[in-house]
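Asks: Listed here are the chains, written in short residue letters.
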Amino acid sequence: MNTVSGVTLRGVQAVPVEVEVEITGGLFTISVVGLADTAVKEARERVRAALRNVGVNLRGRVAINLAPADLPKEGALLDLPIAVGIASVQGKIKVKKPSLFIGELALDGRLRQIRGAVPAAFYARENGLDLYVPEDNAAEVGLVEGVQAWKVCNLADLFAHLRGERELERVVQCEPEYTEPAADPDFSDIKGQSAAKRALEIAAAGHHNLLFVGAPGSGKTMLARALKGILPPLSDQELMEVLMLRSAAGAALSSLRERPFRSVHHTASSVALCGGGTTLRPGEISLASRGVLFLDEFPEFARDVLEAMRQPLEDGRITVSRASGSVVYPARVLMVAACNPCPCGFAGDSAERCTCSPGALDRYRRRLSGPILDRIDLHVSVPRLMPEELVSLEGKCGESSADVRERVKMARAVQIKRWSEYGIQCNSELPEKVLRRSLHIKPEIKNFLAKSLNRVRLSGRGLSRVLRVSRTIADLAMSQEIELEHVAEALSYREGEALAWMRS
Amino acid sequence: MDEVLKSLMLLNSIDSSGIHTWERIKLKKIAADVLWEKNGDVLHDAGLTENTAAMLRKRADENWAEKEYEKCAELGINIVTYYDADYPYALKELKSPPILLYIYGSVRVLPNKTVGVVGTRRATPYGRRVADSIGRSCALLDITLVSGGAAGIDGSAHYAACRNGGSTLAVLGTGVDVVFPSSHKELFREIRENGALISEFPLATKGEPWRFPKRNRIIAALSDKLIVVEAPVKSGAMITARMALDLGREIWAVPGHIDEDAAAGTNRLIFEGAYPFTDNDTFFRSPSLQTSLFDSADMIAGKYKIQDEISEKEAAVLSLLKHSGERTVDNIALEVKMSAADILKIIAILSAKGMVCLSGPGRYSSRV
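First to last, the protein sequences are chains A and B. Per the numbering used here: the first sequence = residues 1 to 504. Per the numbering used here: the second sequence = residues 1 to 368.
Please note that a few of the clues may not be correct.
Said to hold, decoys possible - Derived list of chain A stretches under chain B, where covered just means 3 residues or more per stretch with a C-beta under 8 Å from a C-beta of chain B:
no. : region
1   : 213-225
2   : 452-461
Stated by the list, open to error - Pairs of lysine to aspartate or glutamate residues, derived as DMTMM-like cross-links and limited to a Cα-Cα distance of at most 20 Å, are as follows:
no. : chain 1 : residue 1 : chain 2 : residue 2
3   : A       : K191      : B       : E326
4   : A       : K446      : A       : E483
5   : B       : K26       : B       : D84
6   : B       : K353      : A       : E483
7   : B       : K185      : A       : D362
8   : A       : K191      : B       : E335
9   : A       : K451      : B       : E309
10  : B       : K353      : A       : E485
The set of hints was computed from the structure by calculation and includes no laboratory data. Keep in mind the model is a prediction, meaning the values are calculated, not measured. For every residue, glycine included, the Cβ atom is placed at its ideal position computed from N, Cα and C.
Based on the sequences and whatever the hints tell you, model everything.
Replies: Here it is, written out as structure tokens:
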């Protein structure tokens, strides 16, 4: 008997699996035990064919046990350790150093790309194991610092390497490169809308949630898309978090340090958004973690979907529990929502008349209110520009996305440095405790806030959010202290102020 | 529980009866405690039909009044009957004064210096702006604002009064514990803190179309002066205006665009002789609203002035908005020749001082 180490995925974590193989005499059968899902069960056919193609013929009763027995195993990344286990029981190879094998086998013995190589690499590094990965996963594994890994392109090469006949190629360490994201549309393409652009800048700098309210055609969606171009690159810590998740979800890695931008249609179910399903997959809110989750036509989303997002928006992670167990996914998103002020879209417009009946208006506003809005820091209304206004703005294109991004990057760097002792990346993450203790609020600002409380109707949570946004505005201005003008601006983005025209 | 109060509450719960029914009962010298006894003739003598008498007796048997009274005590709702000293004298001028009022809020005694504000639920941004500025002025001058708690003009006026620390009364067409429209949940809470919700209808009464015109007579009676902000020709606000006219109240109407449906009623009122509401000053300086005989117009103007100092740049932005109406940030920037970033800062400070507000999506106006 022999054991080989493999891993399976639990959320974004790699969990160790011991692969035990026993071969006894008798007619040829092969069986896999240990809570394997269909993909793992089918491994026996792939393993048998692959082994035959590299010259290892199977005979007798082959029993494969995946331990621990009560842990559900998923995915095809256990193909390789099973094959290695069988070959070593037969004495064809010998695994000398403690090693971790991952990979899916093709019938001819080639190795295919798998999901979860990055979590496996982290696991291997922590436990001092050598890691053997499919060649196609080498690029992402190379981003994990300090892991001993070899690229395997087919089973024959691996066996030769383990026998000491031929050396496999090592995975080379590489630095995650950063290419400036293409700004499409660029800030300078958007005419006017300075207020909305400013809100986007603050949102990008401090990772604050944002809501755009405006008539159809006012440019809400275009503005939201322009956010992509001013986001700061992922920091090292964030990159690893995002990398783990993308690898576990099998989502493509495009430009590495670019933040995810996920746009979700309003027909999405709460499972699609929050994660779940029988095989437990991360939802959009997790795939967009450390990046932007864009919800267009916000009030059209099903009520339960929006309610389900409340807790993750607050905690920055989501616990998905199913019969097969519960997993925690990161969910630190910058939520950008967009909506019309009323069903017809023209409430408060300076030229068009709103044709909604009071009843329809009431129903619509009710969908738009509630606890989820309390979690939005920046409420912004977007004007629909009249033709003559557009003409008057001709030739005034304002700053480009690249200029704004420089400011955002600087503000973000300040935040990372300031909060380094708490391991926090941005102001919106600040826990309540730290917020009250470490932000020095001048007495005159306290006075000012007390005076405004009644007018803007701030809840306790609302006040904390105002302070966090104030800190970000101060950071953008490169100011050590929070000044009155920063708080005044932060306050002007509260619902009670920015959407007061929609009330009653 | 007092038998008279019980009788009044029961009578009030029957829609068809008024204070006159009770007066008749009193004339016949029927004691309140025998009113609900099995003897059906007593109620019949008082002029009640068979059906209403039966309903009254059924409610009396169910202890409806006791339960209602208990509920009111629990929620802190005050019941003021026609015979109480606190019953507003103004209501007695009505042809059919309410038998009693449910008063839900922090105000116990209804004040005597009030301005009524009524208007359409489908208000235009202009109408809302005017309602907002009236609400603010009332708050600054300690005048109680009376309105109907509905969406549109009513809501804007109530909001402005509450948020600026003023007192306001909402006369509802539902029970005082019912929130209608439901989006006014927060607003009603604020009104209860700064004033009161008032209704003659029993608790839990749902809104029905005919109840709203009925409550309009209370708004009309409670208002010393009534401002119609925006109203189509056929509307509840116009009904209120006519009722107020019958009571001899001063009617003010806000002039509007002549091609606007929502202004047709108000413009018509002006044509028929209502005071045109041309600006806050003229209205609030009219003699009957002055706090005392010694309060001069200038003192009111002084109270009315915003005390905060403003910088030169802020003044420039403010005067632009005053003179040319609503503007986006970019347009202000173009016209006063400053950068949009500076304008955003100035606007934030000005709106914190309450001098500027968003009047539509992304458009700022000065507050009067």
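Asks: Determine for every hint whether it applies to the structure shown.
Replies: Going down the list of hints, with the structure as the test:
1. Restraint check on the region 213-225 of chain A versus chain B: 4 residues with Cβ-Cβ distances below 8 Å, three needed, restraint holds.
2. Counting residues of the region 452-461 of chain A whose CB lies closer than 8 Å to any CB of chain B gives 4, which reaches the minimum of 3, so the coverage claim holds.
3. With a C-alpha separation of about 19 Å, the suggested pairing of K191/A with E326/B holds against the 20 Å cut-off.
4. The suggested pairing of K446/A with E483/A holds, with an alpha-carbon distance near 11 Å, which does not exceed 20 Å.
5. Among the hinted pairs, K26/B with D84/B is consistent with the structure: their alpha-carbon atoms are about 16 Å apart, no more than 20 Å.
6. Restraint check for K353/B and E483/A: satisfied, since their Cα atoms lie roughly 16 Å apart, inside the 20 Å limit.
7. The hinted pair formed by K185/B and D362/A meets the criterion: a straight-line CA distance of about 12 Å does not exceed 20 Å.
8. Of the pairs offered as hints, the one joining K191/A and E335/B holds, with about 16 Å between alpha carbons and a cut-off of 20 Å not exceeded.
9. At roughly 16 Å between alpha-carbon atoms, K451/A and E309/B fall within 20 Å of each other, so this suggested pair holds.
10. The straight-line distance between the Cα atoms of K353/B and E485/A is roughly 12 Å, inside the 20 Å bound, and the hint therefore holds.
Every hint, counting from the list given before, is met by this structure.
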